Amino acid sequence: MTPPDAETPDAPHHDARFHATSYLRFLRLAFRLATEGSWLFYAWMFVLTCIALVGTHAWAVQVRDGMAVTAMTDHVSWGLYIANFTFIVGLAAGGVMMVIPAYIYHDRDMHDTVIVGELLAIASIVMCLLFVVVDLGRPDRFWHIMPFVGKFNWPISMLTWDVIVLNGYLLLNLHICGYLLYKRFLGEAPDKRWYVPFVFLSIAWAISIHTVTAFLYCGLGGRPFWNTALLAPRFLTSAFVAGPAFIVVVLQIIRRLTRIKVGEGSIRTLVGIMRITILINLVMLVSEIFTSFYTGGAHGVSAKYLFFGHHGHGALVPWMWTSVAFSVIAAVLLLRPKVHEHLWTLDIACVLAFAGIWIEKGMGLIIPGFIPSTLHEWVEYLPSATEWKITAGIWAGGLLIYTLLLKVAIPVFSGEAKRLPH
Amino acid sequence: MNDSSQGCGSGCGCKGGGDRDDSLFSRRNLLKGGAMTLGAAAFAKALSPLAHWTREETSVEEFLQKHYRELTKIDLELVLKRLEKEARENYGAEVTISDHRPQKGVKFGYALNLSICIGCRRCAEACHHENNHDRATSNSYIRVLEMSKGSMDMEKGNVHYDHPVPHPDKFYMPVQCQQCDNPPCVDVCPVEATWKEEDGIVVVDYNWCIGCRYCEAACPYHARRFNWKKPVVPKDEINPNQSYLSNRIRPQGVMEKCTFCLHRTREGRMPACLEACPTGARVFGNLLDPDSEIRKVIDTKRVFVLKEELGTRPSFFYFFDE
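Here the protein sequences come in this chain order: A and B.
The numbering used here puts the first sequence at residues 1 to 422.
The numbering used here puts the second sequence at residues 1 to 322.
It is worth saying that the hints were derived from the structure and are not from the lab.
Treat the hints loosely; a few may be bogus.
[To be verified] Listed below are the simulated DSSO-like cross-link pairs for lysine-lysine, each with C-alpha atoms no more than 30 Å apart in a straight line:
| hint | chain 1 | residue 1 | chain 2 | residue 2 |
| --- | --- | --- | --- | --- |
| 1 | B | K81 | A | K304 |
| 2 | A | K183 | B | K32 |
| 3 | B | K107 | B | K196 |
| 4 | B | K301 | B | K196 |
| 5 | B | K307 | B | K149 |
| 6 | B | K196 | B | K85 |
| 7 | B | K229 | B | K66 |
| 8 | B | K235 | B | K85 |
| 9 | B | K156 | B | K170 |
| 10 | B | K149 | B | K45 |
| 11 | A | K304 | B | K307 |
| 12 | B | K301 | B | K81 |
| 13 | B | K296 | A | K304 |
| 14 | A | K304 | B | K156 |
| 15 | B | K81 | B | K104 |
| 16 | A | K304 | A | K192 |
| 17 | B | K85 | B | K230 |
| 18 | A | K389 | B | K32 |
| 19 | B | K229 | A | K389 |
| 20 | A | K389 | B | K230 |
| 21 | B | K301 | B | K170 |
| 22 | A | K389 | B | K66 |
[As the list claims (entries may be wrong)] Short, incomplete list of chain A residues facing chain B, as computed with Cβ under 8 Å:
| hint | residue |
| --- | --- |
| 23 | H19 |
| 24 | W78 |
| 25 | L282 |
Here the structure is a predicted model, which means the values were calculated and not measured.
Each residue gets a CB set at the ideal place from its N, CA and C atoms; glycine is no exception.
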C-alpha cells in the first residue's frame, strides 16, 4: 500500500484515509470554483435564482390549493409539465451523441469535451424528476413509488420502468463525471476499468430512457394519437437533434467565456449528426401526417385538430406551424455546405431546431392525445400562469445546476485548477 | 467563466494567494455566506404555503398509512375512526365509514337498454348526491351522450344537450366505468393504488394514490376523475353512509371513479343510478347467478360493449330492445 503522502501522478493506489482527506479537499475546491466568478456569472446566477424562487412559490401554492390552479381538466389531464418532461428526457438522452463519437470512434476533440454532454444529462434528469414531482397531486406520498419502501407496480406499469431508467441514468452519469473529475483533481490517469464499462452502459441506457418514455404513451390503446409504433424512434431522432443543438450552443459559449480550448472537431461532428437526424425527424413527421390524413377517421381527428383545428377549436395550430417552420428553416440552414464558416447562422439553426422540437415533442405531442377526449368531447387546454411559473422555475433550476457543474468541471478537467494548492 | 488573468489560473477568481491564506472570515467568504443564507431564507419563504397545508390537510398518521390491502384489522379500524373524525372536522358532518368487502360467488355486471333510455340524466344526478361529489363542479361518474340515430359513432355524440328529452331524432347513451376485466387503468398505476376486486369492481385507495393521473390517460371511457381541489359539499347534503373504497369524501389531489356503489351493492342493494332511472333502462346483478336478471339480458338480447376492439373486456353491456 502506498503511503498517503506519495501524491505522484503515477501512484494509483491509495488507502481509504488518503481518499477521506483528498476527497474533502476536492469538494472544497469544487465549492470554491462554483461560488466564485465574474460579475456576469453572479448576475446570471442571481437571475436564475429569482426565477427558481417564483417557480418554487407557485408550486407551494399549487400543493396547498390543489391542481385546480393549473389549466388541466379531467379531459386534458396532462399539460405543460408532462410536455416539458418528455422533451427534457430527450435532452438528457441527446448528450449520448457526444459519448458515442468520443468513446466508440475515438474522436479526440470530442473526448476532451464529452463531459459537457455528460453533465447535461445530469442536469436534465434532475429537471425531469422535478417535472414529474410538480405534476403529482400528492407529492407528500412520493415514498409510495419507491421500490421496496412503497408499492412498486413493476414490471406492469411503464411509469415504474421510467423511475428505474431515469434514476439509473442519473447515477451512471454522476459516477462517470464524478470519477473522472476526482482523478483529474488528483492528477492521475483514470483507471479504465472504473469508467469505460459504465460509459458503454450509459450509451445503451440513454436509448432506454427515451424508449421507455415513449412507451408510456404509445402503450395506451385508448389514445389513438399516441398509439403508434413510430413514437419511440421519433422520440430518439428528435432527441438527437435537440441534444446536439443545445450542446453546440453551450460549446460556443464556453469557447467565448473561458480559456479552455474547444476543438473545432466537436462542433463539426455534432453538426454532422444533426444534419442527418433533423432530416430523419422530418421524414417521420411527414410519415405520421400522411398516415393520419390519408386514412382519416378517428385516428386522424387529433392530428387534424393539431394542424388545422376543429370547428373553432385551434389552440395548438399556431404552435404547431411555428414548430414545423422552425424545423424546416433549421434543416435548410444546417444543410448549407459552408455552415461551419458562419457561426451565427449555425447558432440560429440550433436555436430554431431546439425550439421547434420543444413544441413538437412537448405540447404538440401531449395535448392532442387528449383532444378530443375518449368520449369525443372537445375541451381545449392552454397552460395557466401557475404552470408557466413552475415550468420556468424548473428550467432556471436546471440551468443553475448545469452552470455550477460546468463551472467546477471545466477548470478541473482542463487542468487549469491543477495549480491550486490541494 | 471568469476574467481574472492574474489569479491562480483555476478560473476561480482568487488573486493567486491560494486558499491557505484565505481566512474563513475574509470579506469574500463573509459575503458568500451572507448571500447563501439570504438565498436559503428566500426559498424557505417561497415554500411557506406548504406549512399551512401540512398543518391543516395532512397528519403523521395519514403520511405513514399503509396500503389498504396491507392494513390489519386493527389498523383499518383506526384509519376508519380517523377518517370519520376528519369528516367531522372538515365538513362538520357525522358520517359512518365502513369497509365493505366483496361477497363470495358474486361478480357484478351492468346492462343498459338503449331503446328506453330517455337521456334525462337522473342517473348522473343520483350519482352526484350518493357519492358525495364536489358541488361546485357538479361532478358525476356518469356522462350521458346524445347520439344521432343512424350512427353508433361517439364522434357524433354530444354531452352538452340542453332541450326537452327525449328528442325524436336521437338516442341516449350513458357512459360510466365499465369495470373492465382487463383494465388499462390498473396496469398503468405505478403504485398499485387502484386494483380489481374479486367481485369485478375496480377500486382506488384514496389514501395511497399519488395523483399522477396516468390511469386517467389510460382509460378509454373517460371513467376516471381527479380531485383538482378539495371537494366542497354542504354539511346537510352529505350522504353519511360511506365506505372506505367508495363514496367517502375524497381528499384533494387523488383519483376517483365509479365503484358500482359498492357500499350499497355489497349489501345486496341496487346502485343509486339504477334506482333513480325512471324508465327501467338499467339492469344490475350477479353475473355468476344463472337466474339473475342481468344473465337473462346477456343470454337473450343482442348485447354489445363499448370499444370492444381495445380488448378491455368490460362488465358493462348495452343492448337495444326492438
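Hint by hint, here is what the structure shows:
1. B:K81 to A:K304: violated (52 Å)
2. A:K183 to B:K32: holds (28 Å)
3. B:K107 to B:K196: holds (11 Å)
4. B:K301 to B:K196: holds (27 Å)
5. B:K307 to B:K149: holds (19 Å)
6. B:K196 to B:K85: Cα-Cα ~28 Å, so holds.
7. B:K229 to B:K66: Distance of about 23 Å is within 30 Å: holds.
8. B:K235 to B:K85: holds (14 Å)
9. B:K156 to B:K170: This hinted pair holds, its Cα atoms lying about 11 Å apart.
10. B:K149 to B:K45: The hint is violated at about 60 Å.
11. A:K304 to B:K307: holds (22 Å)
12. B:K301 to B:K81: Violated, because 46 Å separates the two Cα atoms, which is more than 30 Å.
13. B:K296 to A:K304: violated (44 Å)
14. A:K304 to B:K156: holds (16 Å)
15. B:K81 to B:K104: Distance of about 27 Å is within 30 Å: holds.
16. A:K304 to A:K192: Distance of about 52 Å is beyond 30 Å: violated.
17. B:K85 to B:K230: holds (17 Å)
18. A:K389 to B:K32: holds (28 Å)
19. B:K229 to A:K389: With Cα atoms ~19 Å apart, K229 (chain B) and K389 (chain A) stay inside 30 Å; holds.
20. A:K389 to B:K230: holds (23 Å)
21. B:K301 to B:K170: holds (22 Å)
22. A:K389 to B:K66: Violated, at about 34 Å.
23. H19: violated (20 Å)
24. W78: holds (6 Å)
25. L282: violated (28 Å)
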